[in-house]
Amino acid sequence: MTAPVAETFPQFLLAHAQHTPNKIALRERNYGIWQALTWKQYLDHVKYFSLGLMSLNLTPDETIAIIGDNRPEWIIAELAAQAAGAKSIGMYQDGVVKEMIYIFNHADVSFIVVEDQEQVDKVLEMWGELKNVRKVIYYDPKGLRSYSEDFLMSFEDVQKAGREFEKTHPQLFEEKVAQGKASDIAILCTTSGTTGNPKLAMLSHASMLSMGKSLMSIDPMQPSDEFVSFLPLAWIGEQMMTLSCGLQIGFTVNFPEEPETVQHNIREIGPQAMFSPPRIWENMISRVQVKMEDSTWFKQKMYNWAMNVGYQMADARFKKVTPSPLLKLQSFFAEWLVFQEIKDHLGLRHLKRAYTGGAALGPDVFRFFHALGVNLKQIYGQTEINGIAVVHRDGDIKFQTVGTPIPGTEIKIAESGEILMQSPAVMTGYYRNEEATASSLIEGWLHTGDAGYFDEDGHLIVIDRAKDVMTLHDGTKFSPQFIENKLKFSPYVREAVVFGGDYPFVAAMINIDFPNVGKWAENRQIAYTTYTDLAQKGPVYDLVRKQVEMANTDLPPAARIKRFLLLHKELDADDAELTRTRKVRRNVISQRYADIISALYSQNSHLDVQTTITYQDGRTATLQTRLKIESLNGTS
Amino acid sequence: MLRGFTHTLNSSQLKPGETQLEIRDMQLRFGGVTALFNVSLEVKQSEILAIIGPNGAGKTSLLNCISGLYQPQDGKIIYHNGRAHDITHSRPHEIAHLGIARSFQNIELFKHMSVLDNLLSGCHIHMKTNLFASMLYWGPAQAEQIEQRRFVEDVIDLLEIEAIRGHTVGSLSYGLQKRVEMGRALAMKPSILLLDEPMAGMNAEEKEDMARFVLDINEEHGVTIVLIEHDMGVIMDISDRIVVLNFGQKIAEGTPDEVRRNPIVIQAYLGEDQSTFPMKHLG
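So the protein lines, in turn, are chains A and B. The working numbering puts the first residue of the first sequence at 15, with every later residue one more than the last. The working numbering puts the first residue of the second sequence at 29, with every later residue one more than the last.
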């Protein structure tokens with residue numbers, strides 16, 4: 015089937031509803047079973063919600079904000095706004111209040127669509143500071159019965175208003191959709207900026223659709239494919255897969271029941287494609303490793319044998335050499351006896367392609383998944399270019415690179431080493447921020463702020479954020495992220511921050527993985543109380559020390575970690591130490607932990623830190639912790 | 029797309045505020061020990077009534093009398109649901125059938141069955157098809173089973189236990205087991221829910237969750253709740269009325285504010301053991 019010809023998302027929706035009205039478009043697990051919506055029903059929902067918004071005077075220069083888990087209503091609201099000629103902005107549920115208020119006011123948000131009572135309460139709290147918001151619309155009425163605010167409205171009531179509105183305005187929806195132009199702004203997308211207020215990238219229908227089209231020209235998808243939408247729809251990657259690819263091809267999008275059931279739901283659906291940030295893949299590995307550790311002797315032996323075969327096969331594929339017949343035979347049995355089972359448990363059995371993006375993924379993670387036979391590929395892009403610009407091609411995977419530009423994308427490296435990109439998918443600009451637009455869009459070239467270069471095969475290698483790249487004491491340039499990813503491959507390391515640019519050697523601040531290290535400690539009868547307590551245990555230091563030594567073996571001498579410490583608290587997005595997509599905010603950390611960093615570069619073997627804790631009832635307490643600093647010998 | 033509840037979890041036919049349960053001059057004795065002495069109280073439709081009192085005051089005995097586990101020697105218990113039923117000497121299963129469900133202080137679940145099966149066992153009280161039809165699983169029996177399965181989903185949605193549907197109850201944490209037990213009582217579609225220390229042994233976060241569920245059951249479905257609880261903070265926050273027992277006698281009754289200021293209550297708590305009633309809640 016050829017994809018319908020249309021130039022906006024709502025037009026695609028209309029076309030699908032005409033061509034395949036009874037095909038399943040969306041599925042949501044609700045009340046314990048998968049409930050399906052056909053394209054016709056999907057369209058009706060969008061239509062009446064859109065008419066409802068129009069009856070409430072939504073104008074094309076306004077924005078609707080959407081906050082909630084991945085549900086059909088999320089994208090129905092988005093498409094309804096676009097059908098009315100307006101735009102939408104997705105927001106992270108755990109957003110900081112101050113940032114949310116900024117976005118609501120800055121982006122001219124007139125309607126906020128939220129999931130449930132929790133989000134309603136949050137919006138009510140900031141209501142006094144919101145300038146343009148007229149209605150707050152919720153779609154899960156649980157617990158909201160007694161709320162009397164007149165600006166609160168249920169999703170159904172808006173749709174009911176839409177049905178009424180249709181009686182006096184027949185054909186209005188169809189006319190509005192037909193009026194839509196490719197150059198209209200479809201969504202505003204917050205950029206996961208590591209500094210200051212978020213910037214809002216304006217993405218047009220044309221740019222979003224062109225990106226999906228280019229991606230699928232190299233990695234085709236079928237209308238019969240299944241996709242599970244479980245990452246925040248506020249993230250550009252999820253928008254690209256669910257909307258841009260989903261609406262162009264017409265595959266079925268599945269929504270999990272609850273965030274806690276995602277893993278189970280993925281397994282039930284068995285999707286054909288997945289696009290996830292590194293943390294999802296890293297978590298999967300940790301899960302496999304921990305499960306295997308608890309397994310029987312025989313299963314462990316089988317697993318180790320199969321993984322060994324798998325790694326050999328993967329390496330052969332990476333090097334593009336034909337594996338020996340013996341290896342092929344072994345690989346057949348490994349797949350049959352071990353890998354299928356593991357993939358089934360992870361829900362990856364039907365996967366044709368898996369993508370990772372949003373941040374760099376460690377090479378070891380790549381090798382692991384390819385050993386299992388999962389076709390995991392790196393995507394490189396930015397929100398400003400719709401998330402996807404460079405990708406690995408099937409059979410041409412080099413894990414130190416991010417692949418080659420997708421069709422229609424031009425890339426050049428500036429003299430400073432910065433990566434510049436040009437394609438039909440580049441954003442229109444930042445919303446109401448001329449200054450930022452002017453500094454990142456210069457003569458049609460998007461300045462990414464990332465440093466990188468092309469290798470001999472035309473693959474792009476991204477080093478790091480240009481400003482993060484460090485020059486080691488011997489003059490070589492090195493990326494802290496690369497070292498951090500090496501450390502994070504260990505199931506016992508959750509987060510790592512590496513320093514070394516302005517210092518005589520490389521040092522690291524490490525967060526242990528609480529559940530995994532906790533389990534490890536339990537198995538060895540090590541008693542602990544809290545995260546802080548566990549992190550400062552001698553044996554835990556020894557454990558992590560081994561992980562650091564392992565990471566060091568693959569690193570050039572100058573980049574090896576000489577000293578490290580285990581941090582007393584977990585880095586947290588709520589404390590602005592990480593972005594919502596779990597990227598380390600280096601400037602915040604180097605300010606907040608200045609004492610700890612200078613201690614890392616002193617002669618001391620420990621450091622006393624004081625932390626002030628605020629309890630929920632407002633009381634505060636000061637905690638004293640002694641952090642050990644471990645030095646590694648024989649690495650220089 | 030359906031959101032929210034498709035079934036009401038409440039089987040009462042009364043309007044909010046009408047008297048649902050009357051206890052008149054009830055006496056319960058175990059040999060020479062008087063556990064309850066001339067206790068009279070009323071429970072109104074759709075309220076949250078808390079029963080408090082020091083250890084051994086007779087709180088659980090009172091619940092046991094209502095649910096039929098104990099038979100009082102004297103007095104009457106009248107239950108209204110369209111018409112008046114004298115349930116003073118009814119058997120526990122008859123009382124459950126009338127719509128009075130309860131949870132226990134110590135968890136009484138089927139430990140080796142799944143959460144779902146435990147919840148479904150709560151529904152069985154309302155099964156209409158007979159044994160043979162059920163064995164054939166055909167026609168009305170099948171329809172009924174599907175209907176009950178669907179109903180249980182509303183309970184699961186309310187208590188947010190989607191992720192543990194298939195788990196064996198014995199493998200769950202204490203807090204979750206408590207939640208499942210309340211779920212099973214709800215699956216009986218009660219008109220009155222008796223909760224015996226639903227928050228005992230929980231940490232602050234679990235308590236907060238539990239309090240929210242109790243409020244949801246009451247506000248969303250109008251189910252009357254009678255609960256025993258020791259955490260005075262929770263009691264003062266969520267209950268509409270409080271009954272105070274001491275040595276088997278009712279010594280006070282009223283809104284949280286009235287009870288907090290009642291000198292007899294303060295004395296009962298302070299006279300016996302200061303630590304059982306935190307002063308700050310008495311203000």
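In short, the hints are calculated from the structure, not lab data. There's no promise every hint is true.
Unchecked claim - Under the rule of at most 27 Å between Cα atoms (straight-line distance), these lysine-lysine pairs were calculated in the DSSO-like manner:
id: 1; chain 1: A; residue 1: Lys54; chain 2: A; residue 2: Lys112
id: 2; chain 1: A; residue 1: Lys305; chain 2: B; residue 2: Lys72
id: 3; chain 1: A; residue 1: Lys156; chain 2: B; residue 2: Lys235
id: 4; chain 1: A; residue 1: Lys333; chain 2: A; residue 2: Lys305
id: 5; chain 1: A; residue 1: Lys156; chain 2: B; residue 2: Lys43
id: 6; chain 1: A; residue 1: Lys597; chain 2: A; residue 2: Lys136
id: 7; chain 1: A; residue 1: Lys583; chain 2: B; residue 2: Lys235
id: 8; chain 1: A; residue 1: Lys533; chain 2: B; residue 2: Lys156
id: 9; chain 1: A; residue 1: Lys112; chain 2: A; residue 2: Lys583
id: 10; chain 1: B; residue 1: Lys72; chain 2: A; residue 2: Lys136
id: 11; chain 1: A; residue 1: Lys136; chain 2: A; residue 2: Lys190
id: 12; chain 1: B; residue 1: Lys72; chain 2: A; residue 2: Lys156
Unchecked claim - Facing chain B, according to a computed beta carbon distance under 8 Å, are these residues of chain A, among others:
id: 13; residue: Gly46
id: 14; residue: Ser160
id: 15; residue: Asp164
id: 16; residue: Glu180
id: 17; residue: Pro337
Think of the CB as a built atom: it goes at the ideal place given N, C-alpha and C, for glycine as much as any other residue.
These are the hints, each one checked on the structure:
1. A:Lys54 x A:Lys112: With a Cα-Cα distance of about 40 Å, the restraint between lysine 54 of chain A and lysine 112 of chain A is violated, given a limit of 27 Å.
2. A:Lys305 x B:Lys72: Since the Cα atoms of lysine 305 of chain A and lysine 72 of chain B sit roughly 53 Å apart, the hinted pair is violated (cutoff 27 Å).
3. A:Lys156 x B:Lys235: Given that 27 Å is the threshold and the Cα spacing comes to 20 Å, the pair holds.
4. A:Lys333 x A:Lys305: Between lysine 333 of chain A and lysine 305 of chain A the Cα gap is close to 31 Å, so the pair fails against 27 Å, i.e. violated.
5. A:Lys156 x B:Lys43: 21 Å, holds
6. A:Lys597 x A:Lys136: 25 Å, holds
7. A:Lys583 x B:Lys235: With a Cα-Cα distance of about 25 Å, the restraint between lysine 583 of chain A and lysine 235 of chain B holds, given a limit of 27 Å.
8. A:Lys533 x B:Lys156: 49 Å, violated
9. A:Lys112 x A:Lys583: Answer holds: lysine 112 of chain A to lysine 583 of chain A is near 24 Å, not above 27 Å.
10. B:Lys72 x A:Lys136: 34 Å, violated
11. A:Lys136 x A:Lys190: 33 Å, violated
12. B:Lys72 x A:Lys156: 24 Å, holds
13. Gly46: This hint holds: glycine 46 of chain A lies near chain B, its Cβ roughly 5 Å from the closest one there, short of 8 Å.
14. Ser160: With a minimum Cβ separation of about 6 Å from chain B (threshold 8 Å), the hint on serine 160 of chain A holds.
15. Asp164: Aspartate 164 of chain A check fails; min Cβ-Cβ to chain B is 20 Å, beyond 8 Å.
16. Glu180: Violated, about 19 Å.
17. Pro337: Violated, because the Cβ-Cβ distance from proline 337 of chain A to chain B comes to roughly 41 Å (cut-off 8 Å).
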